[in-house]
Every structure is written in structure tokens, then in C-alpha cells.
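Number of protein chains: 2
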Amino acid sequence: MDIEKVNSMDFGEFVDVFGNVIERCPLIAAAVWSQRPFSGLEDLEKHFFAFIDALPPSGQEGILRCHPDLAGRELLRGALTAESLREQSGAGLTSLGAAERLRLAELNAQYRARFGFPFVLAARLRGREAVPRELARRLQCPPAQELRAALAEVKKIGRLRLADLLAGHPAPR
Amino acid sequence: MDIEKVNSMDFGEFVDVFGNVIERCPLIAAAVWSQRPFSGLEDLEKHFFAFIDALPPSGQEGILRCHPDLAGRELLRGALTAESLREQSGAGLTSLGAAERLRLAELNAQYRARFGFPFVLAARLRGREAVPRELARRLQCPPAQELRAALAEVKKIGRLRLADLLAGHPAPR
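Taken in sequence, the protein lines are chains L and V.
For the first sequence, the numbering used here assigns the number 1 to the initial residue and increments by one for each residue that follows.
For the second sequence, the numbering used here assigns the number 1 to the initial residue and increments by one for each residue that follows.
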């Protein structure tokens with residue numbers, strides 16, 4: 001899809017296509033539509049990120065809370081969005097052994113209890129071995145630093161999803 | 001459900017329950033969770049509304065763009081949220097005749113083209129005869145005034161949905 005096509009979309013089409021660039025936050029795509037026309041992928045991305053950066057901390061934490069756990073209850077319940085399922089599957093998180101899954105569930109629960117939002121990681125860029133290691137490391141971070149780190153992951157995920165949509169096919173991992 | 005129950009929820013439960021108080025904006029419920037504990041329905045409502053009021057205009061328009069048309073394509077496609085379907089059905093909008101549906105589709109299209117967001121109305125409070133009349137009237141309003149009017153309807157819808165959830169059953173129309 002080229003940028004002219006994007007710029008020609010009414011808000012209904014735009015939200016249908018870009019509504020999950022930020023996981024379960026169509027509000028953000030719907031707000032970004034106000035900034036059209038866009039000059040290209042980077043410009044589009046810039047507006048998504050600016051919206052996130054301008055939110056109060058509770059809103060930024062809200063974005064994180066719209067994300068699923070990695071290899072967590074949403075995956076088990078079949079309730080992941082198509083994008084999340086593809087990413088978790090691509091990272092090997094849908095085929096963990098019982099011990100790995102349990103270890104991750106424990107770390108996820110500790111993380112949620114400590115920070116009040118789920119552990120978010122651009123899993124496509126890492127792979128399954130890195131996930132528990134990175135989770136255990138970030139569990140030790142101070143909360144304000146961890147909020148910034150988690151939002152940086154949200155942006156990495158959004159960048160990959162935007163690139164997929166503009167390329168018209170999934171980007172390489 | 002009493003307020004103690006609400007205050008005992010982790011963010012996953014809270015977003016599951018309150019995620020659609022503002023249509024297709026779980027981000028807002030997820031942000032409001034940061035403000036717990038809540039003293040009651042009015043306090044909870046106050047935090048939802050404060051979040052909306054603090055957004056920049058593009059974000060407020062974004063909220064509106066997450067709403068479906070009344071008797072529009074989402075209804076025809078079976079893509080309404082459970083709450084919207086119940087409200088549109090309760091207002092008689094799911095059983096319009098062909099001429100009424102066409103008239104409304106034309107007005108909705110004019111409204112979307114003029115304001116860049118869909119016509120939002122707390123339909124439960126009005127009923128089917130009022131919808132095209134109100135739509136035709138609001139089509140004539142200046143855009144800044146109309147944005148305020150539309151957000152006031154979002155809040156009416158949110159208030160009714162919150163009351164339903166805290167009462168544990170649908171509120172009377």
C-alpha cells in the first residue's frame with residue numbers, strides 16, 4: 001500500500017486498517033487520522049508516537065494494560081488479536097513446554113504485581129529464549145525507568161506493524 | 001456489583017469489565033484504573049470523563065471515530081459491540097423500514113463528511129423517531145460546538161453503561 005492510498009482513506013477505512021498498530025487502541029489511529037496527509041511511513045509513525053508521548057502517565061500505563069501477557073491467558077483462551085498471535089507465534093511462544101510456560105507465567109505475575117501493567121516486549125525482534133531473561137532483568141528496574149522501557153517496546157511493535165501494513169505483507173523478523 | 005468489588009479488581013479484570021464504557025476505547029478504562037480506589041459510581045464516572053476532557057482535540061475526535069453509525073454499516077455487518085447492539089436495538093434502530101434506513105444512511109454520510117467523525121447520540125435516551133430529526137439539526141451546527149455536543153453524548157452513553165455494570169443489569173431506558 002502506498003502513502004497516497006493511505007491519504008485517500010476516510011476515517012472508517014483508516015481505523016479498520018491501522019486500528020491495531022497500537023495494540024487494542026483504535027483511539028490512537030483514529031486520532032492520528034486528523035494529522036493527514038502523511039508524507040510516508042516515518043511521518044505516519046511520528047504521529048502515532050507523538051500521541052503516545054503526549055498522554056499523561058495514566059494514559060501511557062493504559063496503553064500498556066491493553067497488551068496481552070506473552071504466552072499468557074489471552075493466548076490460552078484464544079483471545080489474542082491477529083497481530084499479537086502472529087508475533088507470539090513467530091517468536092516461538094505458542095509452542096513452549098510446560099516448564100517454560102510456568103516459569104513465564106510466574107515472572108509475568110510478578111511483573112504485573114510490581115508495575116501495574118503487563119510485560120511488553122517486541123517479541124518478533126527477540127525470540128523465545130530472550131523473553132524470560134529480559135523479563136527477569138526488567139523486573140529489577142525502577143518503575144519510572146521501566147515505564148519508559150515498556151513504551152519503547154510499544155513503539156517498536158507499532159513500527160513493525162506499520163511497516164507490515166505499508167509493505168502489504170509481514171515484515172521480516 | 002458494589003464499589004468494593006470494583007476496587008478489588010486487578011487491571012485485567014477491570015479492563016474486561018469496564019473496557020467498553022467508552023466505545024472501543026479500553027485504553028480509557030485501563031488509564032482510569034490508575035485512579036483507584038473509587039468511592040462510588042460518580043467518582044468512577046468522574047475519572048472517565050476527566051480523561052476524555054484532558055485529551056487534545058484530535059484524541060477527542062478519535063474517541064468519536066471509534067463509535068459506529070446509528071443503523072449503519074457495523075449493524076448490517078454484525079460488527080457492533082454487545083453494548084452498541086443492545087442500545088441500537090433498544091432504540092428500535094435494528095428494525096427500521098428501508099426508507100427510514102436510507103434516509104439515515106444519507107444523513108450519516110453527510111455528517112461524517114462535514115465533521116470528520118460519526119454522529120453519536122445516546123440512542124437509549126431518545127428512540128428511533130428522534131434520531132433523524134436530531135441528526136438533521138446537529139448537521140447545521142458549527143464544528144467546535146458539534147464536537148462538544150458529540151462528547152456530551154459519549155458521556156451520557158458512558159454514564160448509562162457504568163450504571164448498568166454497577167447495578168449488575170441493564171438500566172431502564
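Don't read these hints as lab results, they were simulated from the structure.
Any given hint could turn out to be false.
Put simply, identical chains are the same to the list, so a pair is met inside one copy or across any two.
[To be verified] Okay, derived cross-link-like pairs now, SDA-like style, lysine to any residue, Cα gap no bigger than 25 Å in a straight line:
{"hint": "1", "residue 1": "Lys5", "residue 2": "Arg73"}
{"hint": "2", "residue 1": "Lys46", "residue 2": "Gln140"}
{"hint": "3", "residue 1": "Lys156", "residue 2": "Ser95"}
{"hint": "4", "residue 1": "Lys46", "residue 2": "Cys141"}
{"hint": "5", "residue 1": "Lys155", "residue 2": "Ser58"}
{"hint": "6", "residue 1": "Lys5", "residue 2": "Pro132"}
{"hint": "7", "residue 1": "Lys5", "residue 2": "Ser58"}
{"hint": "8", "residue 1": "Lys5", "residue 2": "Arg112"}
{"hint": "9", "residue 1": "Lys155", "residue 2": "Ser34"}
{"hint": "10", "residue 1": "Lys46", "residue 2": "Arg137"}
{"hint": "11", "residue 1": "Lys5", "residue 2": "Arg114"}
{"hint": "12", "residue 1": "Lys5", "residue 2": "Arg101"}
{"hint": "13", "residue 1": "Lys46", "residue 2": "Gln110"}
{"hint": "14", "residue 1": "Lys155", "residue 2": "Met1"}
{"hint": "15", "residue 1": "Lys5", "residue 2": "Glu146"}
{"hint": "16", "residue 1": "Lys5", "residue 2": "Ala113"}
{"hint": "17", "residue 1": "Lys46", "residue 2": "Leu139"}
{"hint": "18", "residue 1": "Lys5", "residue 2": "Arg133"}
Taking the hints in turn, this is what the structure says about them:
no.	hint	verdict
1	Lys5 <-> Arg73	between (37 Å within a copy, 22 Å between copies)
2	Lys46 <-> Gln140	neither (30 Å within a copy, 35 Å between copies)
3	Lys156 <-> Ser95	within (23 Å within a copy, 45 Å between copies)
4	Lys46 <-> Cys141	neither (27 Å within a copy, 33 Å between copies)
5	Lys155 <-> Ser58	both (17 Å within a copy, 20 Å between copies)
6	Lys5 <-> Pro132	neither (40 Å within a copy, 33 Å between copies)
7	Lys5 <-> Ser58	between (34 Å within a copy, 21 Å between copies)
8	Lys5 <-> Arg112	between (40 Å within a copy, 20 Å between copies)
9	Lys155 <-> Ser34	both (20 Å within a copy, 22 Å between copies)
10	Lys46 <-> Arg137	neither (29 Å within a copy, 38 Å between copies)
11	Lys5 <-> Arg114	between (44 Å within a copy, 21 Å between copies)
12	Lys5 <-> Arg101	neither (42 Å within a copy, 30 Å between copies)
13	Lys46 <-> Gln110	neither (33 Å within a copy, 31 Å between copies)
14	Lys155 <-> Met1	within (21 Å within a copy, 37 Å between copies)
15	Lys5 <-> Glu146	neither (37 Å within a copy, 29 Å between copies)
16	Lys5 <-> Ala113	between (44 Å within a copy, 18 Å between copies)
17	Lys46 <-> Leu139	neither (29 Å within a copy, 33 Å between copies)
18	Lys5 <-> Arg133	neither (41 Å within a copy, 35 Å between copies)
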